[in-house]
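**Student:** Order-wise, the sequence lines are chains A and B. Counting in this note's numbering, the first sequence tops out at residue 166, every number present. Counting in this note's numbering, the second sequence tops out at residue 505, every number present.
Hints in this document: simulated from the structure, not taken from any laboratory. There is no bait here: all hints are sound.
Partial pick of chain B residues on the chain A-facing surface, computed with a CB cut under 10 Å:
id, residue
1, VAL34
2, LEU178
3, SER181
4, ASP186
5, GLU188
6, THR189
7, PHE196
8, ILE221
9, LEU224
10, TYR391
11, LEU393
12, PRO413
13, VAL414
14, GLY442
15, ARG454
Beyond 12 Å from chain A on every Cβ pair, some chain B residues (computed):
id, residue
16, ALA9
17, GLN104
18, CYS123
19, VAL127
20, GLY144
21, LYS247
22, ILE250
23, ALA253
24, LYS287
25, LYS290
26, LEU357
27, GLY381
28, ILE382
29, PRO471
30, ALA474
Cβ coordinates follow ideal geometry from the N, Cα and C atoms, glycine included.
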Amino acid sequence: MSDTPSHGPVKSIMPKWVRGPQDFVGGIALMAIAVFALWASSDLQGMHGFSFGAGTAPRMFAVLLLGLGFAVMVVGLVAEGAHLATYHWRGPLFVSLSILSFAVTIRPLGLVISAFASFMISALATPETRWTETIIVGICLTIGCSLLFPYALGLPLQLFPRFLVQ
Amino acid sequence: MADLFSNLALGFGVAFSPINLLLCLVGALVGTLVGVLPGIGTIATVAMLLPITFGLPPVGALIMLAGIYYGAQYGGSTTSILVNIPGEATSVVTTLDGFQMAKQGRAGPALAIAAIGSFFAGCVATVLIAVLGAPLTKLALAFGPAEYFSLMVLGLIFATVLAKGSVLKAIAMIVFGLLLSMVGSDIETGASRMAFNVPELADGLGFATVAMGVFGFAEIIRNLDAGAEMDRHLVQQKITGLMPTKKDLIASAPAIVRGTILGSILGILPGGGAVIASFAAYTFEKKIAKDPSRFGRGAIEGVAAPESANNAAAQTSFIPLLTLGIPPNAVMALMVGAMTIHGIVPGPQVMQKQPDLVWGMIASMWIGNLMLIIINLPLVGIWVRLLRVPYRLMFPSIVIFCAIGIYSINNAPVDVILAGAFGLLGYWLIKHDFEPAPLLLGMVLGPLMEENLRRALLISRGDWSVFLTRPLSAVLMAMAAFLLVLALLPSLRKKRDEVFVESET
Numbered sequence: 001m002s003d004t005p006s007h008g009p010v011k012s013i014m015p016k017w018v019r020g021p022q023d024f025v026g027g028i029a030l031m032a033i034a035v036f037a038l039w040a041s042s043d044l045q046g047m048h049g050f051s052f053g054a055g056t057a058p059r060m061f062a063v064l065l066l067g068l069g070f071a072v073m074v075v076g077l078v079a080e081g082a083h084l085a086t087y088h089w090r091g092p093l094f095v096s097l098s099i100l101s102f103a104v105t106i107r108p109l110g111l112v113i114s115a116f117a118s119f120m121i122s123a124l125a126t127p128e129t130r131w132t133e134t135i136i137v138g139i140c141l142t143i144g145c146s147l148l149f150p151y152a153l154g155l156p157l158q159l160f161p162r163f164l165v166q
Numbered sequence: 001m002a003d004l005f006s007n008l009a010l011g012f013g014v015a016f017s018p019i020n021l022l023l024c025l026v027g028a029l030v031g032t033l034v035g036v037l038p039g040i041g042t043i044a045t046v047a048m049l050l051p052i053t054f055g056l057p058p059v060g061a062l063i064m065l066a067g068i069y070y071g072a073q074y075g076g077s078t079t080s081i082l083v084n085i086p087g088e089a090t091s092v093v094t095t096l097d098g099f100q101m102a103k104q105g106r107a108g109p110a111l112a113i114a115a116i117g118s119f120f121a122g123c124v125a126t127v128l129i130a131v132l133g134a135p136l137t138k139l140a141l142a143f144g145p146a147e148y149f150s151l152m153v154l155g156l157i158f159a160t161v162l163a164k165g166s167v168l169k170a171i172a173m174i175v176f177g178l179l180l181s182m183v184g185s186d187i188e189t190g191a192s193r194m195a196f197n198v199p200e201l202a203d204g205l206g207f208a209t210v211a212m213g214v215f216g217f218a219e220i221i222r223n224l225d226a227g228a229e230m231d232r233h234l235v236q237q238k239i240t241g242l243m244p245t246k247k248d249l250i251a252s253a254p255a256i257v258r259g260t261i262l263g264s265i266l267g268i269l270p271g272g273g274a275v276i277a278s279f280a281a282y283t284f285e286k287k288i289a290k291d292p293s294r295f296g297r298g299a300i301e302g303v304a305a306p307e308s309a310n311n312a313a314a315q316t317s318f319i320p321l322l323t324l325g326i327p328p329n330a331v332m333a334l335m336v337g338a339m340t341i342h343g344i345v346p347g348p349q350v351m352q353k354q355p356d357l358v359w360g361m362i363a364s365m366w367i368g369n370l371m372l373i374i375i376n377l378p379l380v381g382i383w384v385r386l387l388r389v390p391y392r393l394m395f396p397s398i399v400i401f402c403a404i405g406i407y408s409i410n411n412a413p414v415d416v417i418l419a420g421a422f423g424l425l426g427y428w429l430i431k432h433d434f435e436p437a438p439l440l441l442g443m444v445l446g447p448l449m450e451e452n453l454r455r456a457l458l459i460s461r462g463d464w465s466v467f468l469t470r471p472l473s474a475v476l477m478a479m480a481a482f483l484l485v486l487a488l489l490p491s492l493r494k495k496r497d498e499v500f501v502e503s504e505t
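Isolated chain B (complex conformation):
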């Protein structure tokens, strides 16, 4: 216990110098301002701003990066809520209820609760890392390939519950996403798969490209349809209240706590943990809600829980990052890149050799969260006012920002064309009531899933029963099966009801 406090004290001692605080504030501010441009997602923002930190000393640079990271992430959540464009995989879920809230004129409360939830989650996760860091690392090590595969399966089943409509179509979308993730080079043999000799496809389809396409461009095209005009007009008329009401706070407080707990636990698992965390938190809220049908139609818990989970997971995912060197998502991978530039190689030694750095960083994560809430609560009003910009001027601007954002990631014009193609695909999907969120999750988890499946089967010498004979894996599989049945039951029951109604008339 004494150890814990000395560690945290060391961290805050490092982070709490005026210059470091200022760096963090500047980082968070710039990160938010760039990240909030629709179409410039979290990944693009961090990548764009990374070079600013190169000239600073390592600790200062990492602290500023933490600020940028949180700013960018919050900026991504803002665009998810305001214009239905998720900045990264973890904020896909935020679009579901966040954007609906914005449509109902409640963008302000949604933005505020996202910031508050994130801050709370950040506080808890900081303490949690300090208390449980070492023992939890051992848990992560108990996860073999079979367990990871089962965890991915569970994560994908979570995604079906996200869907508002048919479970079958949601599963089809997940598999479609998995299939899309196969484009590119094979991880083990390096063979080019379904890339049709397009050099830009050799690395696979980028998350940003597909996300901007099926969410950003498709949403714009759909909004331009005749008949959608009324809908838009309504959004601009109905902005009410910037801050959450007491009722909102009471509704979201338990959701924030649950999201934080789930996020902290799942974030520790290396690879995909942070993504699954936000999906899991949303699913959990929907399952225990008295009236699950509110979700996807603007339930504030549907914003509060995943945003808290996502932030808690981002924080605790530093444990696998620092101890095993595995980045949990693309943004963290960029952070590892930045750390390497400063001569810090993530791995088991970092905790022992450079404790000031590790704890300084954990402390700075907390400070980054604090800065975020200081900057963003007053700014909520400004972001919401963006919604009042007439759509005829807003949508060409979003198109341009998206195009520049996608182009700037790899300097590849082909990526922009691909995003456009995915925009048309997304429009078609909307017209056929297929939902893009499960597709995106399938795409993110696909490569991890394949890798772990391959490894697990290699270790078990081709024996598929390994997923059921290893206890931890069996538990995860059982949970997945249970969830699937739970998700399918209502639709089966509904069908029966429909048939019943028909025969009556």
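This is chain A alone, in the form it adopts within the complex:
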């Protein structure tokens, strides 16, 4: 699943002494996560005699992750490694927006609107989308979901907006 670009000269923003930027940045990010977890669990009770407190295990794992993150960073320093992969904004942005829109609208607006809207938003994520085709499939999928989940499977999903039903 390696996505490292092999084409063209990659302009690296990393200083020269970083030989594997991918691992270097990855390791630092893991360390940041570990520090964050240490901070987040700092209010929890620690060891209590020889019995664990609520905070013992989280802190233990966080310290371990800190060490491992550091090791990954060091590997990035000393060993020749992959460059930073290129990120694309379109896919992540619209897929996230679509998920977010579903989460926000499912309660107040019901399944029909929320599923169709999310389908359309996520279709924006790729330039390959052909709109007439996408709209037809979106409508079919929405109808299918509306029949399958609330009726066939009996899930407590509201179909239409709340203000219309009441």
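Chain A is fixed; fit chain B onto it per the hints.
**Tutor:** Chain B only, in chain A's frame:
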């Protein structure tokens, strides 16, 4: 011995009525159809379909549930293979080689071998339960907290071998997963840990939420990247052969047998056994393979062994479930819930008091397996054809199914947002060559690990040497250390080679 046959006969006598067979068939069919929707995992499927069985008599309900369970599980394996979304923890490993096979146009053989392996494992495990049920329960009882902790450590070390790349990064991912599993309420004190007063986090991060995020959404986002287009196009062009070839069968037959044996043994251990089984089977295959580098790149053994192990373990995990009342995974926990609704409380008495039920259930598990293979071998062609749907239409549909699936588990919109966030995290992980499978295993085993560590240290009065002084635990720890060294050796050697090559040029 006579006992054994009378027991099995009793079971099949109960299960083999036409109405029960029909219930099982319907259950397996519905379970497969729902479970195969990408994003609706095994847990969600069983949870959704559970209410259908409430109106039936206990034996009929359990038989139908067995059908649903197997259908859902197979549906989960199908999505693992076709779209790289594991339905539950045990099918995480299936994604590794299954999805690669699908990419090479060999989704058909992968799906077929998963069904065949599962069926074989189910047959063997059924007999095994009947023969060894009672004595093996005693083995499970010999496992104290220290042994369980060591077993978890061993299981996590197995996970590092799953990784294609750096062992160090795989270990880092496991620990990250362990850390994520700490979110939620503390089991002993009930204190809220790293939940930031979000009520939906009080129960911890759900497996389904994280799995859909780091596998499902992240995979979609990655596929949308420019440059990945060619890759996808290739998948759709190259579908060849629906059934495994003779060569495939010869390659996977021993893997199925080994997977079944490993799975049957590990499944008996309550808690985590079934999950570890599929990881262990995969690791074992990779270790004894002549060319381990094929694994993770579409080796059929990498699908056959874990799928068999997982099914064998699911079957034998009924022993701890029925005798100790400990469910080995989330799906089994749902089954216990269903059993309780029908007035059956799992525990040591069930075997003696309601033998018809226990053996009826074991027999129905086997029938569920049979139904599965009857339904699914002809359907393989249809599932594979799903791959031909153009990606521009497929991915929005997967997004919607995933969103509805996650939402339906707890009716919580926050879960959907969390899955989205984990999708972005997963995308970042892919970009930095961190692999999500070890992370997920760490997350599943984390709570069990903490609980057993705490208990073991409490019993030993804070003495850490207990893991090495108890013989069974020491053996497990030694195995873990040995595996770790084995996993680290090639990368050390490789580094040396690289340095060597560099100095030459």
